[in-house]
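Got chain H sorted already, so can you dock chain C onto it with the hints?
Residue numbers (my numbering), protein chains in the order written: chain H, 22 to 349; chain C, 22 to 349.
None of these hints come from the bench; they were simulated from the model. The structure displayed is predicted, hence computed values, not measured ones. There may be inaccurate statements among the hints.
Calculated lysine-lysine pairs in the DSSO-like style (CA-CA distance at most 30 Å, straight line) [said to hold, decoys possible]: (1) H:Lys275 to C:Lys187; (2) H:Lys255 to C:Lys187; (3) H:Lys255 to C:Lys255; (4) C:Lys208 to H:Lys255; (5) C:Lys275 to H:Lys286; (6) C:Lys208 to H:Lys98; (7) C:Lys98 to H:Lys208; (8) H:Lys255 to C:Lys239; (9) H:Lys208 to C:Lys255.
There are 2 protein chains.
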Amino acid sequence: MLKIAIDAVGGDHYPQNPVQGALMALKERDDIHIILLGPEQLVSDEVVKQGCSGNRLTVINAPEIIGMDESPATALKTKKHSSIAIGLTMHAQGKCDAFFSAGNTGALLGASMFILGKIDGVLRPTIGSIYPSVDGIKFMLDVGANIEVKPEMLVQFGIMGKVFAKNMLGIANPRLGLMNIGEEEEKGREAVRQAYALLKDREDFVGNIEGRDVLQGKADVYICDGFVGNLLLKLGESIPENILRIIHRSDRAKTLTQEEFGLIKSVMLDALAPFDYQLVGGVPFLGINGVSMVGHGGSSPLAIKNSILSAEKMVQKKVNEQIKAALN
Amino acid sequence: MLKIAIDAVGGDHYPQNPVQGALMALKERDDIHIILLGPEQLVSDEVVKQGCSGNRLTVINAPEIIGMDESPATALKTKKHSSIAIGLTMHAQGKCDAFFSAGNTGALLGASMFILGKIDGVLRPTIGSIYPSVDGIKFMLDVGANIEVKPEMLVQFGIMGKVFAKNMLGIANPRLGLMNIGEEEEKGREAVRQAYALLKDREDFVGNIEGRDVLQGKADVYICDGFVGNLLLKLGESIPENILRIIHRSDRAKTLTQEEFGLIKSVMLDALAPFDYQLVGGVPFLGINGVSMVGHGGSSPLAIKNSILSAEKMVQKKVNEQIKAALN
Chain H
22 MLKIAIDAVG
32 GDHYPQNPVQ
42 GALMALKERD
52 DIHIILLGPE
62 QLVSDEVVKQ
72 GCSGNRLTVI
82 NAPEIIGMDE
92 SPATALKTKK
102 HSSIAIGLTM
112 HAQGKCDAFF
122 SAGNTGALLG
132 ASMFILGKID
142 GVLRPTIGSI
152 YPSVDGIKFM
162 LDVGANIEVK
172 PEMLVQFGIM
182 GKVFAKNMLG
192 IANPRLGLMN
202 IGEEEEKGRE
212 AVRQAYALLK
222 DREDFVGNIE
232 GRDVLQGKAD
242 VYICDGFVGN
252 LLLKLGESIP
262 ENILRIIHRS
272 DRAKTLTQEE
282 FGLIKSVMLD
292 ALAPFDYQLV
302 GGVPFLGING
312 VSMVGHGGSS
322 PLAIKNSILS
332 AEKMVQKKVN
342 EQIKAALN
Chain C
22 MLKIAIDAVG
32 GDHYPQNPVQ
42 GALMALKERD
52 DIHIILLGPE
62 QLVSDEVVKQ
72 GCSGNRLTVI
82 NAPEIIGMDE
92 SPATALKTKK
102 HSSIAIGLTM
112 HAQGKCDAFF
122 SAGNTGALLG
132 ASMFILGKID
142 GVLRPTIGSI
152 YPSVDGIKFM
162 LDVGANIEVK
172 PEMLVQFGIM
182 GKVFAKNMLG
192 IANPRLGLMN
202 IGEEEEKGRE
212 AVRQAYALLK
222 DREDFVGNIE
232 GRDVLQGKAD
242 VYICDGFVGN
252 LLLKLGESIP
262 ENILRIIHRS
272 DRAKTLTQEE
282 FGLIKSVMLD
292 ALAPFDYQLV
302 GGVPFLGING
312 VSMVGHGGSS
322 PLAIKNSILS
332 AEKMVQKKVN
342 EQIKAALN
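Okay, chain H solo, but in the shape it has when bound (with noise of 0.2 Å):
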């Protein structure tokens, strides 16, 4: 039976959507076992409240807890007995399979290079998001681990999204497409002219992808860097709830009726509801030795659910082992 380890005081509603995720996964798969961490008495109690038999469910005391706004750094030297220090040890020890937080990711990312490590051969870990398209779910990668960025630590991003695309978002032969300010070989940053020049040999890569072909979904792993990255995958998360107020504000919306009006929200809500990252699930910090995944600050007890199946699922198809095959 496989272990999960969750994050109890990751997020903003702690403790009671992480555990009520938790429970939720419970019911849901009589195939795994749970590990909650935090400050013993709160988790306990919140268990309780919450009416869990405490099959197939221990609670680790972790008496510290990381502010979502801590500084990573100062928050990893300081706290060693957090619930993120404490889980992603016990990973390490192989007394659990995989660790999820809703909480800090800075604080997550830099724990779980430092306890877990990289694996053999990945320059930097990184981090993806789904996005939506016409097309489809697709993967960006990286959306704001890596700032500044290598072509070789690019073509890696590539890879490993591919694998994760593949296993993780059941896409049969991702392409992966180079995101850039022109279609020609030449165009854009020295970085990603040089990782152009590396990838543009492999069958999977469909070449540059532009600003206009990311909603249409033009490859199925987006590659760019962090910067780039947070700053497109923070538009896209933005777009139907702002296109609805600048609907809204139209003089075009004085000629509705509330019905109509309801009718476009509810049609533009609908039609982007199956790219909610809370039916997705979380994404792990690809590139790193263990399965370490990281949820919005924001999660509800259905995303916190759906990230600990995704954890379970990145275990059970062996993604970081295909990694290293891939990188190879």
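Below, chain C without anything else, positioned relative to chain H:
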């Protein structure tokens, strides 16, 4: 009477669209004179075909045509008698007050720098674009002319963008924002962090703008390098069409009548229409010692007409003198 020179063989639809746009501008305004540049017979025939009297219109022979995909460097070296080279030279000699082309952007920028030069004190000329937001039209720059930037360049982009936003977009007190991947001062790439330090004491600086803030309109002038700006701009431009496609392919769409889908489509396009570049007109290279405007390759006659009126406004408002003053 102001004289505006137009590249009659620029863009994807020449000579029809530039000639038609020029005639539309002449019809709308009786205080401008237009000079059309291109192979004389080709242009004159089109003018006759479109039934123009020739009043306030001059055709000047420029026998060479620079293609949209031609290498700017090669084109400028080998085609000394192109519409772009001759038009900008006339402008430099004071024979016209502004130049507009919907042609090869790289060639136009290179020729503008070489023939007109930079405004004193400008590190690098830049090009921006309007950007739609919930809070109305915003201005983003650079959107592709400067891929690698220094902090001081970013600051100048902001200052020039502010002058443009105030005079050309009618924003009374434009606020500057720096595209970045977090709110905090220490976030982002090195050049961005240093630009923050240079901007932070300005009263008009509102801080970092994240991807999620772009469509909300958290500032009036979005400052970024041309790599980031081009990606964000093209993604933004692709939103309406692709969101409609995503809706069209969704399960929910199957429950909609054709009328309902038609309503959604027409409302979204209507609401975003005020942001259409065709209506707003062309955008100049800011920092060039002259008025050199560039339009989309696919510019319609309406877009060209409005670009001509933008060029006239740039001259009337003495935007370059204001930039000079603002930089000092």
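Structure-based check of all given hints:
1. H:Lys275 to C:Lys187: 29 Å, holds
2. H:Lys255 to C:Lys187: 28 Å, holds
3. H:Lys255 to C:Lys255: 15 Å, holds
4. C:Lys208 to H:Lys255: Answer holds: lysine 208 of chain C to lysine 255 of chain H is near 15 Å, not above 30 Å.
5. C:Lys275 to H:Lys286: 16 Å, holds
6. C:Lys208 to H:Lys98: This hinted pair holds, its Cα atoms lying about 21 Å apart.
7. C:Lys98 to H:Lys208: It holds: about 21 Å lies between the C-alpha atoms, which stays within 30 Å.
8. H:Lys255 to C:Lys239: OK: lysine 255 of chain H and lysine 239 of chain C at ~14 Å, within 30 Å.
9. H:Lys208 to C:Lys255: 15 Å, holds
Violated hints are absent here; each numbered hint is respected by the structure.
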